[in-house]
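With chain A fixed as given, assemble chain B onto it according to the hints.
Listed below, chain by chain, are the residues.
2 protein chains.
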Amino acid sequence: MYPNDGFRELDPQECLRLLAKAPVGRIVHTRHALPAVLPVNFCLDGDGTVLLRTSAASELARAVDGAVVAFEADEVDAARNAGWSVVVTGRATVVTDPGEQKRLARVGPISWVPSPEEVFVRIRPELVTGRELVGGHTLYGVDLTP
Amino acid sequence: MYPNDGFRELDPQECLRLLAKAPVGRIVHTRHALPAVLPVNFCLDGDGTVLLRTSAASELARAVDGAVVAFEADEVDAARNAGWSVVVTGRATVVTDPGEQKRLARVGPISWVPSPEEVFVRIRPELVTGRELVGGHTLYGVDLTP
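One line per chain: the protein sequences are A and B, in this order. Counting from 1, position 96 in the first sequence corresponds to residue 96 in the UniProt record's numbering; the numbering is continuous, with no gaps. Counting from 1, position 40 in the second sequence corresponds to residue 40 in the UniProt record's numbering; the numbering is continuous, with no gaps.
So that you can see chain A by itself, here it is in the shape it has in the complex (with noise of 0.2 Å):
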């Protein structure tokens, strides 16, 4: 979130009640020391953590355990020119616990890609900011391609 850059700010709560009705969001990290971004499959949980479902296999699971993500959600209308934008930052951790990952396994997010082994990976949101955009200029942009 930047101030005095012309989008409204959206308090914690609103953040959380757009995020719940988004389809998709994007786990943002650090892989081999350079920025990495990749849109998830997600739910919350009830206490807004942001639950990430993954193949036990997959890289992003042992690139996220442990560390601080972003995660971010957003909806944008082209033609109206307004949205809004959540991004919460937390600590990832992979969930261990096996009454847990039983429980998650029942009702948590469900892969787009299911794999035999699947981990379930916990964002415990200590940041949550969004910002909305009403109005303004066309979202679209000019392809300068000769």
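In case anyone wonders, no lab produced these hints; they're calculated from the structure. Here the structure is a predicted model, which is why all the values come from computation and not from measurement. Hints may be right or wrong, so weigh each one.
Identical copies go unnamed one by one, so any copy, or any two together, can satisfy a pair.
[Stated by the list, open to error] EDC-like mimics (lysine to aspartate or glutamate), calculated; alpha carbons at most 20 Å apart, straight line:
(1) K21 to E118
(2) K102 to E118
(3) K21 to E75
(4) K21 to D77
(5) K21 to D47
(6) K21 to D65
(7) K102 to D45
(8) K21 to D45
(9) K21 to D11
(10) K21 to D97
(11) K102 to E126
(12) K21 to E9
Only chain B this time, still in chain A's reference frame:
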């Protein structure tokens, strides 16, 4: 991009073709030593460079100038459970050449929230990756809130 995760990898040409059609992208960088992500308007220059336009006073311009960043765009059809995502990784620089500034002021991207003093940020692609999701499970998250 994570190998063996059940998604089809896209070649750089496919990636840039898809990126050129995306109305919005997300710039991923580090802010105060934490991962940060911000949706932005953008356009592609002839050489596949990503161009952003922002307020000269914005923290974003200061935060990314000279840094290696990731730029992501995606399109997900939750109903068909299909979609794609593209990530361009490279160094971001604020355009300072007056001639180039003039050219971009004519043909470059338009700010969502115009400000009196604006700068252009150029991201030169050093790594272009993308993946396609075809079919699979629903993308919708499951809200665990009681």
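Here is how each hint holds up against the structure:
1. K21 to E118: So K21 and E118 fail the 20 Å test inside a copy (24 Å) and across (34 Å) alike.
2. K102 to E118: within (12 Å within a copy, 52 Å between copies)
3. K21 to E75: Classified as both; 10 Å inside a copy, 17 Å across copies.
4. K21 to D77: both (15 Å within a copy, 15 Å between copies)
5. K21 to D47: within (15 Å within a copy, 37 Å between copies)
6. K21 to D65: neither (25 Å within a copy, 34 Å between copies)
7. K102 to D45: within (14 Å within a copy, 49 Å between copies)
8. K21 to D45: within (13 Å within a copy, 34 Å between copies)
9. K21 to D11: Answer is within; shortest intra-copy Cα gap is 16 Å, inter-copy 32 Å.
10. K21 to D97: neither (28 Å within a copy, 43 Å between copies)
11. K102 to E126: neither (26 Å within a copy, 42 Å between copies)
12. K21 to E9: within (18 Å within a copy, 28 Å between copies)
Going down the numbered hints, you'll see the structure goes against 1, 6, 10 and 11, while the others check out.
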